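The chain contents come next:
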Amino acid sequence: MNPKVQKILTSLDRAHSGPVCSVKDWDSRVIPRTTKAVLARHHLEKMCNPAEPINTDDDVADAFYKAGYDLALEIGMLCPDTERIIKAEEREIQQTMKETPDELTLGSGADLVVMKPRRPEDPYPPLVCVSLGLVLSEELWVPVVVGMIQKKHLVDALHGPSLRTVYGYEVRSGTPYETLLGRYEAQLRQEAMFRAGRPGLAQTGIASATTEYGHLGGMPALAGPANSTMSLCPVELKVTFANFHRIVQGINYGNRLRVGGYSFIGGYAGSPEGALILNIATDLLIPTLLASDYTSSYVYDVRVFGNCGRDAVWANSVAIQAVSRNTRFMRNKIVNETAGPCTEMFFYESAVGLMNHCVSGSSKTTQPRSAGGKYQDYLTPLEAWWCGEVFKSCAGMTRKQANEIAKVLIPKYEAQLASPPKGKSVTECFDLNTMRPSAEYQAIYDRVKSELIDLGMPLRW
Amino acid sequence: MEEVLERLANAIIDGEPELAEAAAKEALAAGIPPLEIIERGANRGIQEIGERFSRYDCFLPELILAGDAMNAALPVLLASLSAAEAKSLRLGKVVIATVTGDIHDIGKNIVAALLTVAGFEVFDLGVNVDVKQILRKADEVKADIIALSTLLSTSLPYQKDVVRYLQDSGKRERYFVVVGGGPVAPDWAQQIGADGYGRTAAHAVELCKQLMAQYEPPMREPLVFDYKA
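Line by line, the protein sequences give chains S and P.
Okay, so the first sequence: first residue is 4 according to my numbering, each after it adds one.
Okay, so the second sequence: first residue is 248 according to my numbering, each after it adds one.
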C-alpha cells in the first residue's frame, strides 16, 4: 500500500475512535488551556519582544521548538465531523522526520524547480508561488496571470487568483457551479501558462475551490507529481472530512500534497507565544497525520487582519526558525499584506514579511495578498514580481541584518494596519497590454526599492 | 452581600458557568434585588472581560467562556423580574451564522462573543449554515437581527439569498440583516439590500446597537461601520 494511503487510513480510523471532544470544548478549553500550560511549563510566557521583531537568538527558537513538539504530542488534531481527537505518537513524528526527502521537484521541463528544506540564513533561494486566491473578474484572469508568471526568474509556481463567476454565472460554493468552476479555472490556467511561455509551470490546487467539489472539478487537469493538491485545515489544529477528501483526491491523482493549517494571534491561541507554538505543532502534525509533502502554515493576527505587525512578525520568525533548525520539513509560509496595489504600504509590508520568512528558513511562499484579498480586481502583476524579488533576494542575509531593516520599515506602516489604504484596482494602475505599471505605480516601486537597497536589502533585479 | 456579588463577577471573568449560576442563585436567596445583582455582579464581570479583550489582556476563548457564564447566570436573574424589566435589560436577539459552503468561524465567533458581552442575546448557529436553517431559527426565537458572515467570495451569494428570501416571503420588515467577513464590503451590503455592514467585530457590535436603538427594518441604505478613510 502507498505509505501516504496508510497514513490517511490510520488517521481516519483515529477520527472514528480517538478521544471524544466537542468543537466548543476544543476551541474554548482544550486549545487555550493546553497551550497556556505548555508555555508555562517551558517558561516561555511573555517572551514576545516587539522592539526586536525578527528573532536572532537560536536558543529562543530551540526552546519554542521543544514546547511546540510537546504540544503536538499532547494535543493532536480534532476532527469536527466526528468530534474526536486524532493523536500522534512520538515514534510517528520521528519516523516522518526521518522519511522527509532532501528535496522536492515541482513543475516540469524548462519550468521544473527544486524545493529544499532551508535553515535560517540559508543561501539557497526559496520558491515563489503566485498568487493567493484573490478574486478577479473573468475577463481579467488570464491577462493578470500571464503578467504574473511571465517573469521566470521571479515566479516558480502558480496557484492563482480565484473567480466568483463561471461563464458569467454567479458561483455558489458547494454547488455544481463550483464543480464546473474547478474545470474552468484549470482551462484558464493552461491558456495563461501557454501564453506566458511556461507550459510546465508547477500548479497548486484550484484557487477558486472553496469545497472539495471545486477541487475535484479541476483535478484531472492537474494530475501528476509536477503539481500539488491543496488542503487547508480550519484553525486551530482541526481536520475535517473535506480536508481528507482533498488529500485523498491528491493521492489519487498522483499530486504532491500541500496541506495547511494556521494559528491566529487573538484567536483561540491567544498570545503571540501561544500562536507560535501552535504553529510549530501544526508543522509537525500535518506531515505526520496527513501525509503532506510540505505544509502551508503561518501565524496570523486577527486583530489587524494580517501578519505584518510586530507581534506576528516576531511569532512567525520564531516559529519558522524553530522548525527549520530542528527538522528538514519544507514549509510554504504566507505573508498577509493588508494594503492594496499602488501603495507604499504594500511594498513595505511584503518586504518585512517576506524578508523575515526567507531569513528564518521558509522553503516557499505564496504571494501576494494585495489589499488583504478583500476587493475584486485589486491584484496586479507588479505585486507578484515584487514579492519574488524580495523573497529570493533575501536568501543568505543574516537575521540580524533583516531585523535592523525591519525595525526601520515597520514604523512606516504599523499605525495604518488598523485602516490600511485600499490602493487601486488593476485597471487603474497597470496596463495589461504592455504589462507595465502606471507611471504613478512605477514611481512608488522605484522609490521604495531604492530605499530598501540603501537600507541594505540585497535586491538583485 | 458584596462577597457574593464579587464571586458572581469573578465567575463570569473566569468563564465558569456553574459557579456563575450558583452565585446568582445565592445572591437572590440572600435577598439582593435582581437588578442590583445584574448591575453590580454580572455586568461588572462582563464589562471587565470586555475591557481586558480590548486591551489584548485576554483573548477569544476567555471572551467565549465569559459569555457562557453570563448566559448561565442571567436566566436565573431575569426570571425574578417582570417581563418588561427583563426585556429592557437585553439589547436584542441576534441569530448569527457563517453561511453555506464556508467553515471559517473565528471572525463570526469574535462577533458573537462581543455581542453577548455587549448585552445581546445571541443564537450562534455555527458554520456552513443553510439559508433556511438561519431563517427558521430567526423565526423560532423572534430575532431582531440576522448576522451573516463569510470569508469566501463564492459563499457571498448565500448572504444575498437570505435577504431575497425574506423579501420574497414578505418577512423583510421583521429583521435587520447585517453582513460581514473577508470579502464583504459596504457596496456588497448595499447591492444585496442588507441593513448594515461592520468591518471589524467592534464595528459589528456598534452597528447592532445603533440599529436597535434608532431604526426599523428594512433600511433604505445600509448602515456602515468601517475604517475611517
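Keep in mind that the hints were calculated from the coordinates and are not lab data.
In this text, all values refer to a predicted model and were calculated from it rather than measured experimentally.
Where is the CB? At the ideal position from N, CA and C, for every residue including glycine.
Any given hint might turn out to be false.
Said to hold, decoys possible - Straight-line Cα separation of at most 25 Å, SDA-like style, residue types lysine to any residue; simulated pairs:
(1) S/27 - P/322
(2) P/334 - P/303
(3) S/427 - P/417
(4) S/10 - S/103
(5) S/27 - P/372
(6) S/27 - P/295
(7) P/407 - S/141
(8) S/427 - P/303
(9) S/39 - P/263
(10) P/379 - P/417
(11) S/27 - P/377
(12) S/39 - P/322
(13) S/39 - P/440
(14) S/27 - P/334
(15) S/415 - P/257
(16) S/39 - P/294
(17) S/427 - P/302
(18) S/27 - P/290
(19) S/49 - P/377
(20) S/49 - P/257
Said to hold, decoys possible - Per the computed footprint, the stretches of chain S lying under chain P, defined by three or more beta-carbons under 8 Å from a beta-carbon of chain P, are:
(21) 51-65
(22) 208-216
(23) 219-228
(24) 265-275
Stated by the list, open to error - Distance ranges between label pairs, derived from CB positions:
(25) P/335 - S/22: 41 to 47 Å
(26) S/94 - P/388: 47 to 53 Å
(27) P/471 - S/223: 31 to 37 Å
(28) P/273 - S/25: 57 to 63 Å
(29) P/462 - S/430: 32 to 38 Å
(30) S/112 - P/383: 38 to 44 Å
(31) P/335 - S/190: 58 to 64 Å
(32) P/304 - S/461: 52 to 58 Å
(33) S/442 - P/471: 56 to 62 Å
Chain P covers the segment 265-275 of chain S, three or more CB atoms within 8 Å, holds or violated: holds (count 7)
Hinted pair residue 415 of chain S and residue 257 of chain P, Cα distance within 25 Å: violated, 41 Å
Pairwise beta carbon distance, residue 304 of chain P to residue 461 of chain S, judged against the given window 52 to 58 Å: Violated, at about 40 Å.
Consistency of beta-carbon spacing, residue 471 of chain P to residue 442 of chain S, with hint 56 to 62 Å: Cβ of residue 442 of chain S to Cβ of residue 471 of chain P: about 33 Å, so the range 56 to 62 Å is violated.
Agreement of residue 407 of chain P and residue 141 of chain S with the hint, judged by alpha carbon distance not exceeding 25 Å: holds, 21 Å
Satisfaction of hint between residue 257 of chain P and residue 49 of chain S, Cα-Cα up to 25 Å: holds, 24 Å
Straight-line alpha-carbon gap residue 334 of chain P to residue 303 of chain P, limit 25 Å: Outside the cut-off at roughly 32 Å; violated.
Proposed proximity, residue 290 of chain P with residue 27 of chain S (alpha carbon, max 25 Å): holds, 24 Å
Coverage claim, chain P over the segment 51-65 of chain S, checked by counting residues with Cβ within 8 Å (three needed): Answer violated; 0 residues pass the 8 Å Cβ test.
Claimed coverage, the segment 208-216 of chain S by chain P - three or more beta carbons nearer than 8 Å: holds (count 3)
Assessment of proposed distance window 47 to 53 Å (beta carbons of residue 94 of chain S, residue 388 of chain P): holds, 50 Å
Residue 112 of chain S versus residue 383 of chain P beta-carbon gap, inside 38 to 44 Å or not: Given range 38 to 44 Å: violated, Cβ gap about 55 Å.
Against the hints set out earlier in the document, violations occur for numbers 2, 3, 8, 12, 13, 14, 15, 17, 19, 21, 23, 27, 28, 30, 32, 33.
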